[in-house]
Structure formats: C-alpha cells, structure tokens
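Undergrad: The hints should help you fit chain B with the ligands onto chain X, whose structure is shown.
The residues making up each chain are set out below.
There are 2 protein chains.
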Amino acid sequence: MSLKNTHEIDIVRVSSSKIDSVDFDNLTFGTTFTDHMFVCDFREGKWQKAEIKPYAPFLLDPSAKVFHYGQAIFEGMKAYKDESDDVWLFRPDQNFERFNKSAKRMAMPEVDEEIFMSGLHQLIDLEREWVKKGLGNTLYIRPFMIAIGSGVIAAPSTQYRFMIILSPAKSYYSGEVKVIIAEHYSRAANGGIGAAKAAGNYSAQFYPTKLANERGFQQIIWTDDATHTKLEEAGTMNVFFRINDTLYTAPTSERILDGVTRKSLIDLAKRDGIDVAVRPVLVEEIIEAAKDGSLKEIFGAGTAAVVNPIVGFSYQDTYYELPKIENSFALLLKEKLTKIQYKLAEDTFGWTVKI
Amino acid sequence: MSLKNTHEIDIVRVSSSKIDSVDFDNLTFGTTFTDHMFVCDFREGKWQKAEIKPYAPFLLDPSAKVFHYGQAIFEGMKAYKDESDDVWLFRPDQNFERFNKSAKRMAMPEVDEEIFMSGLHQLIDLEREWVKKGLGNTLYIRPFMIAIGSGVIAAPSTQYRFMIILSPAKSYYSGEVKVIIAEHYSRAANGGIGAAKAAGNYSAQFYPTKLANERGFQQIIWTDDATHTKLEEAGTMNVFFRINDTLYTAPTSERILDGVTRKSLIDLAKRDGIDVAVRPVLVEEIIEAAKDGSLKEIFGAGTAAVVNPIVGFSYQDTYYELPKIENSFALLLKEKLTKIQYKLAEDTFGWTVKI
Ligand SMILES: Cc1ncc(COP(=O)(O)O)c(C=O)c1O
Ligand SMILES: Cc1ncc(COP(=O)(O)O)c(C=O)c1O
Numbered sequence: 080m081s082l083k084n085t086h087e088i089d090i091v092r093v094s095s096s097k098i099d100s101v102d103f104d105n106l107t108f109g110t111t112f113t114d115h116m117f118v119c120d121f122r123e124g125k126w127q128k129a130e131i132k133p134y135a136p137f138l139l140d141p142s143a144k145v146f147h148y149g150q151a152i153f154e155g156m157k158a159y160k161d162e163s164d165d166v167w168l169f170r171p172d173q174n175f176e177r178f179n180k181s182a183k184r185m186a187m188p189e190v191d192e193e194i195f196m197s198g199l200h201q202l203i204d205l206e207r208e209w210v211k212k213g214l215g216n217t218l219y220i221r222p223f224m225i226a227i228g229s230g231v232i233a234a235p236s237t238q239y240r241f242m243i244i245l246s247p248a249k250s251y252y253s254g255e256v257k258v259i260i261a262e263h264y265s266r267a268a269n270g271g272i273g274a275a276k277a278a279g280n281y282s283a284q285f286y287p288t289k290l291a292n293e294r295g296f297q298q299i300i301w302t303d304d305a306t307h308t309k310l311e312e313a314g315t316m317n318v319f320f321r322i323n324d325t326l327y328t329a330p331t332s333e334r335i336l337d338g339v340t341r342k343s344l345i346d347l348a349k350r351d352g353i354d355v356a357v358r359p360v361l362v363e364e365i366i367e368a369a370k371d372g373s374l375k376e377i378f379g380a381g382t383a384a385v386v387n388p389i390v391g392f393s394y395q396d397t398y399y400e401l402p403k404i405e406n407s408f409a410l411l412l413k414e415k416l417t418k419i420q421y422k423l424a425e426d427t428f429g430w431t432v433k434i
Numbered sequence: 080m081s082l083k084n085t086h087e088i089d090i091v092r093v094s095s096s097k098i099d100s101v102d103f104d105n106l107t108f109g110t111t112f113t114d115h116m117f118v119c120d121f122r123e124g125k126w127q128k129a130e131i132k133p134y135a136p137f138l139l140d141p142s143a144k145v146f147h148y149g150q151a152i153f154e155g156m157k158a159y160k161d162e163s164d165d166v167w168l169f170r171p172d173q174n175f176e177r178f179n180k181s182a183k184r185m186a187m188p189e190v191d192e193e194i195f196m197s198g199l200h201q202l203i204d205l206e207r208e209w210v211k212k213g214l215g216n217t218l219y220i221r222p223f224m225i226a227i228g229s230g231v232i233a234a235p236s237t238q239y240r241f242m243i244i245l246s247p248a249k250s251y252y253s254g255e256v257k258v259i260i261a262e263h264y265s266r267a268a269n270g271g272i273g274a275a276k277a278a279g280n281y282s283a284q285f286y287p288t289k290l291a292n293e294r295g296f297q298q299i300i301w302t303d304d305a306t307h308t309k310l311e312e313a314g315t316m317n318v319f320f321r322i323n324d325t326l327y328t329a330p331t332s333e334r335i336l337d338g339v340t341r342k343s344l345i346d347l348a349k350r351d352g353i354d355v356a357v358r359p360v361l362v363e364e365i366i367e368a369a370k371d372g373s374l375k376e377i378f379g380a381g382t383a384a385v386v387n388p389i390v391g392f393s394y395q396d397t398y399y400e401l402p403k404i405e406n407s408f409a410l411l412l413k414e415k416l417t418k419i420q421y422k423l424a425e426d427t428f429g430w431t432v433k434i
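Residue numbers (this note's numbering), protein chains in the order written: chain X, 80 to 434; chain B, 80 to 434.
Chain X with its partners taken away, still in its complex shape:
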C-alpha cells in the first residue's frame, strides 16, 4: 500500500528545531510535540489551502462551537522507524476511514483522502528526526477536527479546522493494570456516538474512572448500558478474554469503537492458529471462568497501549486475580504485531506503509 501524496501543502519551517531540548528517554505520553503541525480549514462549504507550520497556539472566539457543543473528533496512530532509518505507518487507511465515519456521525464535513494522507506524509517526512529507532519508540500521531465556527446555538458549525500534531512517545501504560467491570456508569448509548472517536466520549469516562482510580483500579471495562451484562471495551482499548485456549472479544457495534489493533490481532491470531471467537462476551461467563480457573488472560488492545495485559478485575466488590501464565497470548500477539510495525517480521497482510 502507498500513501496518496499529491496534495499541495504550504510549508513554513521553524527557524530552529527544539528537538535537542527533548529527553527522549523520559517522555510523558502525549505532552511533547514536534516542531510543526498540519492545518487545513473548512469554510464556505470546502476545504481551504493546507499548511504545515510551526507548532503554536491559535486563536478561537469564546463562542466557538467546539467549546459549547463538543463537535470534535480525533484519531490516534503511530509512526515507527526501522533499522534502515525508514519511517512506517500502520494501516493509515483504517484511521482515515474511521475519521470520516466519526465526522459523519458528528455532522462534520468529511476530509478528502488526499488532504489526510498528504498531510500525514509531508508532516511526518519533515519530522523524521523525531521518530527514534528501537522497539517501543514511536511517534504518536494525532489527527483531529474541531468546530471553529462561532455562535451559542446548538446546531452544527459551518467552519472546521482539521489538524495533525505529532508527539514522540514510549508506551502508554506503566505498571500493572487492574480493572473494574462497570455496574452503574456507561460510556455509550444504543443509538449514541460510542462507535465514533468523538471528544465527548472520553470526558464522559473521566469521573467514573477517577472513582475507579480511588479504589486502586486503573481502568474500567464498560458494559452495555441497558443491562450491564455484556463486556464491551475499556477507555481507549478494545478487550480480549482468553478462556482455556480461545480468545473472545465483543463484536463492534454502534456502542463500541472499531479498533485497528483489535482487528489486526484477530487477523494475526487466526493466521497463526489461535482460536478467536467474535461474539458478545457476558460478565457472567467471565466470572464463572475466573472461578473455575479456565479464564487465563484478559488484555486490552489499542494504538497507544498496543497490548495491555490485565492482572485482575473487580466485580460486585469481589476481586478476581488472573493467573500468571507462561505462554501468554497477549505477549505473543503483541510481539507479532510489534515486529510487523517495526519491519522486523514479514508483513504478510500489507499493513505497513512507508513515508
């Protein structure tokens, strides 16, 4: 696969890079940004001239729609550097499609493929130095779109800003991850926006997650809001459950984000003979499996965290600890995926795209 890189972009470079002031061994996820950003505005019914320019704050009116009505979407992707200093993206077509699916659900204009892909390509190309070699080093890529039109009336904006910013990153989580299974709070409604990467979905989880943190748990596994009997996904990860030697994960739906990591792990598992069942996963069956010892692993899957093993979970005030396991599917799949991303294993699926 290759990127459409035909869109003309005005480029204004910084006079001097700040890269030398960055400690790449001690990065806090999502807080350090590269020298430049990509910006393209939508006005008068169409996308305007695209620009790459020095990363900097910008002005917005106090009545900008994004402040009042949360009309905002984003994507999360990563770039990887291989041993020959080439820089690679992983399935950018998937992020592009999902971005426009989110845009549609939030009544925002879809972004042209040429603008999205050329923006990615030319911005990352300019910032190659920020992508460091070595497993675990990545450049986190954040495409996003916000409603910049003004007016405190609850209706879609007529003006939008599409941007891409880049942040060098190590892995997202550190330490052991314990989760709570949601019994009261929820992240998504039937007929709601759960399947969109819409800004409002994330802040909605902050308070319940804070309550979980206070009880010593890092994350919540959300359940369906109507019955709280089906296990859906975590804050920024889809979730897999291993019972004996089968992996289970919920089908995506209008409540669940269609994760790129999730679908890639499913393909990898299937290719390599691991049994995967995509079907609703009930809280009840996981509790039973935990009790009878057949529940071997739970792990989250998402771009930021890649694969995140979960060491235990709480449900109805009982804590269930997962066994320490030898041949972990989580670690096996993580390794397989990571090797493809860093070009250390053959990419039989054609997922990687060179910048």
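It should be emphasised that the hints constitute simulated quantities derived from the structure, not laboratory data.
No distinction is drawn between identical chains; accordingly, a pair holds when it is met within one copy or between any pair of copies.
Below, in silico cross-link-like pairs of lysine-lysine (DSSO-like), each with a Cα-Cα straight-line distance of 30 Å or less: (1) Lys309 to Lys183; (2) Lys349 to Lys375; (3) Lys249 to Lys97; (4) Lys125 to Lys289.
TA: What follows is chain B with the ligands alone, placed relative to chain X:
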C-alpha cells in the same frame, strides 16, 4: 433572594462600545455578543484572579484537552429588563447548582458560588444597556467552563477556564415546530452524562437532528436508549404532554436534564390548579391519546425557547397532527412565567433576583 456579589474582579473596559452597530430588532440567536466577557482560570488546584475584559478571541494550544476529550460544560440563563429599567435574573441559584453538578460529572473543578454570582452580577451590570425593554427582549447569558490544559492523553485536565459571555436575544425558535419521536438514535445512556449540561451531549444530536430536518421536522423527542418506549426530552427542552386536562412530563433522571423552566412550569401549574403528573410518559399512550383525540398539546420548555408549542409529531412514519386549541396550557403557562420574569406579575415564589 439576592446575589452574593462580594468577589473582587479586575475590570478592563473597552475604549468604545459596539452597541450602536447592533440591530436589536433583527438578532440571530446566539451570534451577537456584548462588549465584555468574564474570565477566571483554574490552575495549581485553585481559582485564580477573576477578570472582566473586552470580548475577544483567546489562544489555546492545539493539544488543549477541550479539543480532544470534550471536557466542557455550560449553562444558559437570561436577564430581563422591567418597565423601570431594572435588570433581573431568573433563579440563578438553580443554574449555579446545575453547573457544579455538571462539573462534578465531567471531573472538572466546581466553581465557587461567589465567583459565579459576582461574575454574573458585575458583568451584567456593566452591560445593562444591552438588555432591552419589552416582552421577548432578553440578554442570553452563557456561563461555560473548558479544559485548557494541554496533552493528548485521555485524562482530566489540571487547568480550566470559566467564562461568562452575553448575547442579546429575541426568542429562539421561529415558525411551527414539528418533531420526530426517536426510534433508533439516542442522546443519553443509563449511567451516562445526559443529566449534565456537557458539550458532548449536544453535538451527539446534530446528525440525527439533521436527518429529521431533511424530513421536514425541526426537533427530535428523545426516548430511552434501551427500549425507545419512554419519552424523555428534546434537544434543549424538556417536554410536556397534555392529555385531556392533565399535564404529563417525565421525571428527571441521569438521562434527562433537570430544566429550570420545566420545574418552574410545574410549580406554576400546581399553584394555579392545573393537574400535573410527573411520571414516565410512554410513547404508546401518547399515540393512543393522539388517536382517540385526548392528546391536546405537546410543548417544549427551556430557557432559550421558553415554551415551545409543538404542532405535530411523527412516529413509525405516521404523522400525528395536534388539534388547534383555544385555552392552551402552553400559552397560559408561558404568559404566567414571562410575566414573572419581566416583573409584570407578582413573584410569589421569590424566583427573580435584581442586578
Ligand atoms: C474507545 C476506544 N476503544 C478502542 C480503541 C483502540 O483502537 P485502535 O486500536 O484503533 O487504537 C480506542 C483508540 O485508541 C478507543 O478510543
Ligand atoms: C438537554 C436540555 N434539556 C432541557 C433544557 C431546558 O433547561 P432550562 O429550562 O434550565 O433551560 C436544556 C437547556 O436549555 C437542555 O440543554
């Protein structure tokens, strides 16, 4: 009731007002703003110095949390001018309480009552000229708070901006309002943020509302997301149904905003001998009542629109037109409420507060 107005605020005035350039007879709701705005930032665990200054755009980092995670809440209130040129607020205590309830649900810091009330008081006092006399003329007040801390990591911000902006306004809706009863899309989940005035709740409705608009309907009456059998509320209004001579409205819940207009109308109706039942309202019973002729009125209630009569609704592709009615409860209650707000009738409840 009186406002706590003891908080010290730095005031910087505009050099010349733009008021003379405003056509107060032709205002589009929410698009014209007064000369000044109120701003107070939260940093290092506390609210900083409050300021009133010229209305103007401000700078934000591209990674500001409000852009990525929708951590943003707001309120909507109005100021009214009476015949003696005094300016009045309507139940500001209710908006203040709801603001902090929203803040809590969105993991944002609560605003001190003194800051909220002094901000309202001193800003509106400065902008008295913008509040015009005469029924229907109001100054729409928009307190809001956004997460201004930076970082693309899905966790609460540590920095926030609380602002108040003011917009002179006539009534919100014009023309006849027809609604669709939601059968697939939803605005709120059980255990979600529906009861908070959180930004993300509003953009979530834009797409389904656009679909409704395309079919010739202005608004949607949302139903519970699990079964779509209970009538809940509209985009920015609570909803009342009159069957024979009784008014029905859904109880507020974690899915429904606790509207100030709704609760005031309930009190007014009760005071004046109109039968009100606050209980779940089923789609089924409204359809039956529409068929047998006992459904007399449906109306929305909210600060922007005050009371908004609905002329008909669609459900399962059938359109039900409401009868033209002589002694409309909607218009009667609207008049009673409006008269209190403009100090044309005695405020037996102590709802109005002088600036
Ligand atoms: C809610 C949610 N679920 C799952 C994921 C995982 O998706 P992906 O693997 O595409 O990063 C994300 C994204 O990071 C997410 O925000
Ligand atoms: C979702 C929603 N429901 C109802 C209302 C009505 O509330 P109030 O009467 O306090 O304006 C509003 C606010 O405008 C709202 O946003």
